[in-house]
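Here the protein sequences come in this chain order: D and X.
Quick note on numbering: numbering that gives the first Met the number 0 labels position 123 of the first sequence as 122, and the sequence is numbered without any gaps.
Quick note on numbering: numbering that gives the first Met the number 0 labels position 15 of the second sequence as 14, and the sequence is numbered without any gaps.
Don't take every hint at face value.
Straight-line Cα separation of at most 30 angstroms, DSBU-like style, residue types lysine-lysine; simulated pairs [said to hold, decoys possible]: (1) K45(D) with K38(X); (2) K125(X) with K45(D); (3) K125(X) with K136(D).
Residues of chain X clear of chain D, computed beta-carbon distances all greater than 12 angstroms [claimed, not checked]: (4) D33; (5) S65; (6) I92; (7) G133.
Taking beta-carbon pairs under 7 angstroms as the criterion, some of the chain D residues facing chain X (in silico) [what the hints assert, rightly or not]: (8) I5; (9) I8; (10) A9; (11) S17; (12) A50; (13) G79; (14) V81; (15) N124; (16) T127; (17) T134; (18) M143; (19) L145.
To be clear, the hints were calculated from the coordinates, so they are not data collected in a lab.
The beta carbon of each residue, even a glycine, is placed where N, CA and C say it ideally should be.
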Amino acid sequence: MSLNQIFDIAGSAMSAQSIRLNTTSSNMANAETASSSTGETYRARKPIFAAVQAGLMDGGREPGSLFSDRLESRGVRVDGIVESQAELTRRYQPEHPMADQEGYVFYPNVNVVEEMADMMSASRNFQTNVEVMNTAKTMMQRIMTLGQ
Amino acid sequence: MTINFNNALGIHEQALQTRVQRAEVLANNLANADTPGFKARDIDFRAVLNEAQGQNQGGTLQASRSHARHLSMGQGGANAPELLYRNPDQPSIDGNTVDSQREMAAYTRNAMDFQSSFQFLNSRFKGLVKAIKGE
Chain D
0 MSLNQIFDIA GSAMSAQSIR LNTTSSNMAN AETASSSTGE TYRARKPIFA AVQAGLMDGG
60 REPGSLFSDR LESRGVRVDG IVESQAELTR RYQPEHPMAD QEGYVFYPNV NVVEEMADMM
120 SASRNFQTNV EVMNTAKTMM QRIMTLGQ
Chain X
0 MTINFNNALG IHEQALQTRV QRAEVLANNL ANADTPGFKA RDIDFRAVLN EAQGQNQGGT
60 LQASRSHARH LSMGQGGANA PELLYRNPDQ PSIDGNTVDS QREMAAYTRN AMDFQSSFQF
120 LNSRFKGLVK AIKGE
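Chain D with its partners taken away, still in its complex shape (with noise of 0.2 angstroms):
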């Protein structure tokens, strides 16, 4: 029974939106670290999301399933963790203690508005695919009581 499947698929997507709050939180902890050069700045951290491509070296279609092709996709993962390329915010701020020669001081490229709304969707995702989760289990259970 297929219903199992839903557990996995919710599962990874679970998992996937939890890391994605992960770099989320870093950003914002991370979002006011001074340093005195690009090199050493942190980034602003994005995960990257791709589908699981499942399945597609058996070839034709899973036994008992009513469908000439198969479903290409059971879940989604996370490819990795890209570091934001925007420009990183530079002021100039002579009396503190991370400033370089000329007085100026780096700060990340972690944008907090971006990442607060990046973190109300990830919740709300999370929400949804709980939520799914919880739906199939019902559906599960009504399964069992077959007969009775």
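Since chain D is already given, all that's left is putting chain X on it; use the hints.
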């Protein structure tokens, strides 16, 4: 007179199976709501159910297969229903066509339809049990 399960259970067995598979497709859409370039999929319920009934009654043409790698004719033939792509109201800039609200509504409705299919199937079984016991 013997009890034929196919006749006794009717369409509800296939309907339940199709509902479960649709739930899987919709759950996959929801999981990929933030995946760039992902296209939302869905099934044509009527077409899939028709196909399932055809298989059940042996209505489709079956070819003999002498090797495991041979293509089967009835199953997975050109006439078998396919997973379709949803027409997006407004695709996002990254090419994703999943509308979370729409998918959630479809998923919930599918779960409700699953419940009713289940209810029908269950009452068929109850009827059979009653007939066997002769109550």
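Consistency of the hints with the structure:
Taken as a hint, the K45(D) and K38(X) pair is honoured in the structure, with Cα atoms around 22 angstroms apart against an allowance of 30 angstroms. Pair hint K125(X) plus K45(D) does not hold up; C-alpha atoms about 55 angstroms apart against a cutoff of 30 angstroms. The hinted pair formed by K125(X) and K136(D) meets the criterion: a straight-line CA distance of about 24 angstroms does not exceed 30 angstroms. With a least CB separation of 6 angstroms from chain D, D33(X) falls inside the 12 angstroms interface cut-off, contrary to its annotation.
With a closest Cβ-Cβ approach of about 17 angstroms to chain D, S65(X) is found to remain outside the 12 angstroms limit, as its non-interface label requires. Here I92(X) stays apart from chain D, with its beta-carbon at least about 14 angstroms from theirs, past the 12 angstroms limit. Distance check on G133(X): its Cβ is at least 18 angstroms (rounded) from any Cβ of chain D, clearing the 12 angstroms threshold; non-interface status holds. Interface restraint check: I5(D) against chain X, minimum CB-CB distance 5 angstroms, threshold 7 angstroms, status holds.
Interface restraint check: I8(D) against chain X, minimum CB-CB distance 5 angstroms, threshold 7 angstroms, status holds. Here the hint on A9(D) is kept, as its CB sits about 6 angstroms from the closest CB of chain X, short of 7 angstroms. Because the closest C-beta pair between S17(D) and chain X is about 13 angstroms apart, greater than 7 angstroms, the hint is violated. Satisfaction of the interface hint for A50(D) is found here, the shortest Cβ-Cβ separation to chain X being roughly 5 angstroms, below the 7 angstroms cut-off.
Annotation: interface hint on G79(D) violated; nearest CB of chain X at approximately 13 angstroms, more than 7 angstroms. Against a cut-off of 7 angstroms between C-beta atoms, the interface hint on V81(D) is violated, since the closest Cβ of chain X lies about 12 angstroms away. Given the 7 angstroms rule on beta carbons, the hint for N124(D) holds: about 6 angstroms separates it from the nearest Cβ of chain X. Contact between T127(D) and chain X, as hinted, is supported at the beta carbon level, the nearest pair being about 6 angstroms apart and thus within 7 angstroms.
For T134(D), the interface hint holds, since its Cβ comes within 7 angstroms of a Cβ in chain X; the closest pair sits about 5 angstroms apart. Nearest Cβ of chain X to the Cβ of M143(D): about 11 angstroms, over the 7 angstroms cut. The hint is violated. Interface hint status for L145(D): upheld, as the beta-carbon distance to the closest one in chain X is roughly 6 angstroms, under 7 angstroms.
The structure is inconsistent with the numbered hints 2, 4, 11, 13, 14 and 18, although it conforms to all the rest.
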